[in-house]
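J.: Chain residues, written in single-letter form:
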Amino acid sequence: GENVEQHPSTLSVQEGDSAVIKCTYSDSASNYFPWYKQELGKGPQLIIDIRSNVGEKKDQRIAVTLNKTAKHFSLHITETQPEDSAVYFCAASIGMRFGAGTRLTVKP
Amino acid sequence: GAVVSQHPSRVICKSGTSVKIECRSLDFQATTMFWYRQFPKQSLMLMATSNEGSKATYEQGVEKDKFLINHASLTLSTLTVTSAHPEDSSFYICSARYRGGEKLFFGSGTQLSVL
Numbered sequence: 039g040e041n042v043e044q045h046p047s048t049l050s051v052q053e054g055d056s057a058v059i060k061c062t063y064s065d066s067a068s069n070y071f072p073w074y075k076q077e078l079g080k081g082p083q084l085i086i087d088i089r090s091n092v093g094e095k096k097d098q099r100i101a102v103t104l105n106k107t108a109k110h111f112s113l114h115i116t117e118t119q120p121e122d123s124a125v126y127f128c129a130a131s132i133g134m135r136f137g138a139g140t141r142l143t144v145k146p
Numbered sequence: 505g506a507v508v509s510q511h512p513s514r515v516i517c518k519s520g521t522s523v524k525i526e527c528r529s530l531d532f533q534a535t536t537m538f539w540y541r542q543f544p545k546q547s548l549m550l551m552a553t554s555n556e557g558s559k560a561t562y563e564q565g566v567e568k569d570k571f572l573i574n575h576a577s578l579t580l581s582t583l584t585v586t587s588a589h590p591e592d593s594s595f596y597i598c599s600a601r602y603r604g605g606e607k608l609f610f611g612s613g614t615q616l617s618v619l
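Going down the list, the protein sequences come from chains A and B. Under my numbering, the first residue of the first sequence carries the number 39, and numbering increases by one thereafter. Under my numbering, the first residue of the second sequence carries the number 505, and numbering increases by one thereafter.
It is worth saying that the hints were derived from the structure and are not from the lab. Careful, some of the hints might be misleading.
[To be verified] Dumping the calculated EDC-like pairs for lysine to aspartate or glutamate here, alpha-carbon to alpha-carbon at most 16 Å: (1) A:80 to A:53; (2) A:75 to A:121; (3) B:545 to A:87; (4) A:109 to A:65; (5) B:607 to A:87; (6) A:145 to A:53.
[Claimed, not checked] Just some of the chain B residues that point at chain A, by a computed CB distance under 10 Å: (7) 547; (8) 550; (9) 595; (10) 613; (11) 615.
Since we're looking at a predicted model, the values are computed, not measured. Using N, Cα and C, we set each Cβ at its ideal position, and we do this for glycine too.
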């Protein structure tokens with residue numbers, strides 16, 4: 039089955055800096071790659087997604103890039119704010135399995 | 505749109521009892537629903553996938569007789585933890601997807617504590 043690896047497990051940045059989280063996947067048949075944000079005690083919320091026929095997608099301060107050849111995709115958050123602090127998960131479409139998660143802390 | 509309601513949000517039960525968790529899609533028809541389990545500071549572990557009207561497909565290592573999943577309608581799936589034990593204590597989350605869609609819409613989760 040699909041195996042999704044996510045790095046780093048924790049990330050601490052200063053407010054205003056950028057944050058980058060990377061994921062790799064194993065199944066070349068995967069064609070949909072979402073990113074979720076989970077706050078404590080809540081279910082994950084979709085923040086951005088990308089399909090395999092696109093290399094990059096941007097939504098305000100959030101962007102996702104996909105390298106199909108290398109089978110990795112990344113989440114980029116620019117101008118980070120304290121409210122961006124949360125756990126972020128990536129997933130790959132086959133089986134909808136999630137990465138291990140990245141705990142992002144944005145220091146004011 | 506695309507709201508998934510999960511109840512209860514928190515449940516405490518005695519060891520040996522059964523607990524039912526409901527997951528409802530409020531404004532769309534959820535042809536596929538997923539159930540996840542999440543331990544503190546860990547990722548979501550897929551337990552099972554259920555398609556409306558058919559038996560759930562369980563992930564390896566998940567006991568189907570322990571975690572009963574029913575997806576009898578296009579808007580409701582239930583997870584019943586039978587004969588619960590303290591080791592079943594966890595955060596359970598459902599998600600739903602409509603026919604032909606790729607996006608998953610998540611419920612708010614259920615914190616189960618078995619005493």
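J.: Each of the hints needs a verdict: does it hold here or not?
T.: Evaluated hints:
1. Restraint check for residue 80 (chain A) and residue 53 (chain A): not satisfied, since their Cα atoms lie roughly 24 Å apart, outside the 16 Å limit.
2. Of the supplied pair hints, the one linking residue 75 (chain A) and residue 121 (chain A) holds, its CA atoms being roughly 11 Å apart against a limit of 16 Å.
3. Restraint check: the Cα-Cα separation between residue 545 (chain B) and residue 87 (chain A) comes to about 23 Å, which exceeds 16 Å; the hinted pair is violated.
4. The suggested pairing of residue 109 (chain A) with residue 65 (chain A) holds, with an alpha-carbon distance near 8 Å, which does not exceed 16 Å.
5. Proximity of residue 607 (chain B) to residue 87 (chain A) is assessed by CA-CA distance (about 8 Å); at most 16 Å being required, the pair is judged to hold.
6. Between the alpha carbons of residue 145 (chain A) and residue 53 (chain A) the distance comes to roughly 5 Å, so the proposed pair stays at or under 16 Å and holds.
7. The interface hint given for residue 547 (chain B) holds, since its Cβ lies 5 Å from the closest Cβ of chain A, which is under the 10 Å cut-off.
8. Taking 10 Å as the C-beta cut-off, the interface hint given for residue 550 (chain B) holds, the closest approach to chain A being about 6 Å.
9. Interface restraint check: residue 595 (chain B) against chain A, minimum CB-CB distance 8 Å, threshold 10 Å, status holds.
10. Proximity of residue 613 (chain B) to chain A holds as hinted, the smallest CB-CB distance being about 5 Å (cut-off 10 Å).
11. About 7 Å separates the beta-carbon of residue 615 (chain B) from the nearest beta-carbon of chain A, less than 10 Å, and the hint is met.
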